[in-house]
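Full structure from sequences and hints, please.
There are 2 protein chains.
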Amino acid sequence: MKPIRAGLLGLGTVGTGVVRIVEGHQEDLQRQVGSPIEIRKILVKDKTKAREIPVDPAKLTEDPWEIIHDPDIDILIEVMGGVEPTKEYLLAALESGKQVVTANKDLMALYGQEIMAKAREKGCDVFFEASVAGGIPIIRTLIESFSSDRITKITGIVNGTTNYILTKMSQEGAAYEAVLKEAQALGYAEADPTSDVDGLDAARKMAILATLGFRTPVALEDVDVRGIRSVTQEDIRFAKQLGYELKLLGIAERDENDLISVSVQPTMIRKSHPLASVSGVFNAVCVYGEAVGETMFYGPGAGQLPTATSVVADLVAAAKNMKLGVSGKWAVAPYREKKLKTDEQIASKFFLLLHVEDRAGVLAQIARVFADFGVSIESVMQPSSGDSSGCADLIIITHHAAKAAFGAVAGRLESLEVVRKVKSVYRVEG
Amino acid sequence: MKPIRAGLLGLGTVGTGVVRIVEGHQEDLQRQVGSPIEIRKILVKDKTKAREIPVDPAKLTEDPWEIIHDPDIDILIEVMGGVEPTKEYLLAALESGKQVVTANKDLMALYGQEIMAKAREKGCDVFFEASVAGGIPIIRTLIESFSSDRITKITGIVNGTTNYILTKMSQEGAAYEAVLKEAQALGYAEADPTSDVDGLDAARKMAILATLGFRTPVALEDVDVRGIRSVTQEDIRFAKQLGYELKLLGIAERDENDLISVSVQPTMIRKSHPLASVSGVFNAVCVYGEAVGETMFYGPGAGQLPTATSVVADLVAAAKNMKLGVSGKWAVAPYREKKLKTDEQIASKFFLLLHVEDRAGVLAQIARVFADFGVSIESVMQPSSGDSSGCADLIIITHHAAKAAFGAVAGRLESLEVVRKVKSVYRVEG
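If you're matching them up, the sequences are chains D and B in order.
In terms of our numbering, the first sequence opens at residue 1 and continues consecutively.
In terms of our numbering, the second sequence opens at residue 1 and continues consecutively.
Some hints here could point you the wrong way.
[Said to hold, decoys possible] When the alpha-carbon atoms are kept at most 27 Å apart in a straight line, the in silico DSS-like pairs for lysine-lysine are as follows:
hint: 1; chain 1: B; residue 1: K329; chain 2: D; residue 2: K2
hint: 2; chain 1: B; residue 1: K2; chain 2: D; residue 2: K329
hint: 3; chain 1: D; residue 1: K271; chain 2: D; residue 2: K49
[Said to hold, decoys possible] Computed list of chain B residues with no C-beta within reach of chain D, every gap over 12 Å:
hint: 4; residue: R20
hint: 5; residue: P85
hint: 6; residue: G97
hint: 7; residue: K338
hint: 8; residue: S379
hint: 9; residue: T398
[As the list claims (entries may be wrong)] Covered stretches of chain D, going by a simulated chain B footprint (3 or more residues, C-beta under 8 Å):
hint: 10; segment: 146 to 159
hint: 11; segment: 296 to 307
hint: 12; segment: 314 to 327
Derived from the structure by calculation, the hints contain no laboratory data.
What you are looking at is a predicted structure, and each value in this text was computed from that prediction instead of being measured.
Yeah, the Cβ is synthetic: ideal placement off N, Cα and C, and Gly gets one too.
And the structure:
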């Protein structure tokens, strides 16, 4: 029986997992595809390097073109990461009629449309389940299982590093910097944590999810991003007192007129909401559909074998489509025009932590500012009495309000004499 | 453009939802399938009955064969329920080359293998996403997304009625009978609740999930079933005190030698486990894979539109496969021989609630029985002191023990003079 032959770009953590699963589950894979699956060539940086698993040295190459131009390779699996030159490799592979499986969220968020267009032109498939939320099959769910529904909202904890940090801060009362150092020591955070803690990694994933869910081409620059660097232990403590957990949450919304907004920001989530109990490096994505209502998909967001599971499931799908002669028909191109909400149209509840003078009349002045901008207050709380400087903390939670109006309130409050500091501002969900 | 033409068996709750979604989301469906989808004929019991939605009377028929024998109908959607004569209709439709979409768990649990075999013989697809857990796309996830993994365990809350009852008992301290009556009044439980409260509905779903997950033909009679009729308010209270929720849990397990066990029973689940917070009529399924680790899928387990969402997603899949000319290639037949675990091989932790004489030496006698059968005790608790009759409750939680050995312990305890009653026995998870 003629095997399906794959080429693998990258033999790092995920690539090693792919080799493990393809070898370890060969019998099951063969049952499903109807042919053996063989990894024929593997691109590595250094052929002489010691490997975690035994690999036939004859399969290793340091030249990507040896794989991309090999006419005997049917499917290219890309787990090397990076945007350049990876994009060039994928486009060349598609050009020569190869199917592509990739785990590369950066590439798919930035150039997904271009890559998909090339795939359609050449009648090839591009699968990218592993690019979002590791082992959670959210891409396939959005494309296939909710094909009949109109998705109105996707919220997700899609970055394990930041969720690990916030969970530790919440459970152990530790400070941001200390937990970040610990996460780095454990390998959960990189030496340069920017991409994770500033929310960029989550933003890339949300751009991919929103594009699929809303069938609208959402670009990375359409995502409003705020990371977790400014989250304090105090914020988390107050959140918990009020019945919330503070999570870095991706939120993509679409209204009845197909106006959309996509953001990533630290958000207060009601403890009773299923996302609030997603802890550590786990990921979860909630999908809301007009018909289906609320659903949630939970699992490991990263890791060698979870991510490789998604890659190999894609490999099976690509191999089946190839054998059936139906490659290139899986994904529908986004067909809805992109109409982004303005800050006047984006609405949510907000949490505000102020440091104010602790005396009569102050609350009236503050409430006046909210009223001036038409923002309605849901609750006000003074968590402790004034300190020696005659100041106290004041927490205000608003009803649903426009982001623009709330921003104006926060700006005006900054300028009030009785407000010493606007300490924190968060979106509130659930 | 030639439309894809479907026939619908049944215009009850789910059938009405299917018509609503096919009409309401026609544009999106057409984008995905490449043709309009038309529901051409609908089987009803009484053509003259008033309908929840406007339906062209010319489409209605009281004769199923008018649909099954219509050569212009490509896809049969079955949402009428029941086993006979529904099975006959489906087999006849497949025989004449029609694709089949069904929401019928009873039928798939009892005759799934026969129906799938007929479909393979005729090169047709049978999709049945809606048969398990309504709007949660768990069938597609098991077949496609975890195709590369070796699934070792599936646990699930897959019956909304019993979960509603247990949630109410837990949250409101109400008694079983009272909550059941309330659930019946709200339409969450049927007038004859047997199928739900005795665990049969959940058992059918677990048989389907185990068959797909383990690629082994698991029959309904392979599932060890116990319902919730005997669950008392006291059991739930003690469970909560110990940090557990009591849930009707389906558990399918497979060990490294492919020995499997499938059961449905009220089970104590640690509160920190994601399944413990699944409340009301929601469903959730946890899937454990060797590679992926722990995942969970959560959503509405029933309801008109959630269930119809799954049916129409299947309709889209069937229509796409038809147009691509690849029908009948989706599902792999279970290929692993069925080897069921014996009660000696099934192991778990157990909870035991005894009513015993409250005096010195009693615990020693009881502990002796556990030791005799090699069952190790994790903890013992006496939740309150003795009553006027000189008796007290005693809770024992075991370490992992064989089901047979634990059964022998419980049997021997019944016969001890110092044990007035073995009040409750539950499996413990998490």
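Checked hints:
1. B:K329 x D:K2: At roughly 19 Å apart (the allowed maximum being 27 Å), K2 (chain D) and K329 (chain B) satisfy the hint.
2. B:K2 x D:K329: This hinted pair holds, its Cα atoms lying about 19 Å apart.
3. D:K271 x D:K49: violated (48 Å)
4. R20: violated (8 Å)
5. P85: holds (28 Å)
6. G97: Its Cβ never comes within 12 Å of chain D, the nearest being 18 Å, so this holds.
7. K338: holds (16 Å)
8. S379: Given that every Cβ of chain D is farther than 12 Å from that of S379 (chain B), nearest at about 24 Å, it holds.
9. T398: holds (28 Å)
10. 146 to 159: holds (count 5)
11. 296 to 307: Satisfied; 8 residues make the cut.
12. 314 to 327: With 7 residues closer than 8 Å to chain B, the segment 314 to 327 of chain D meets the three-residue bar; holds.
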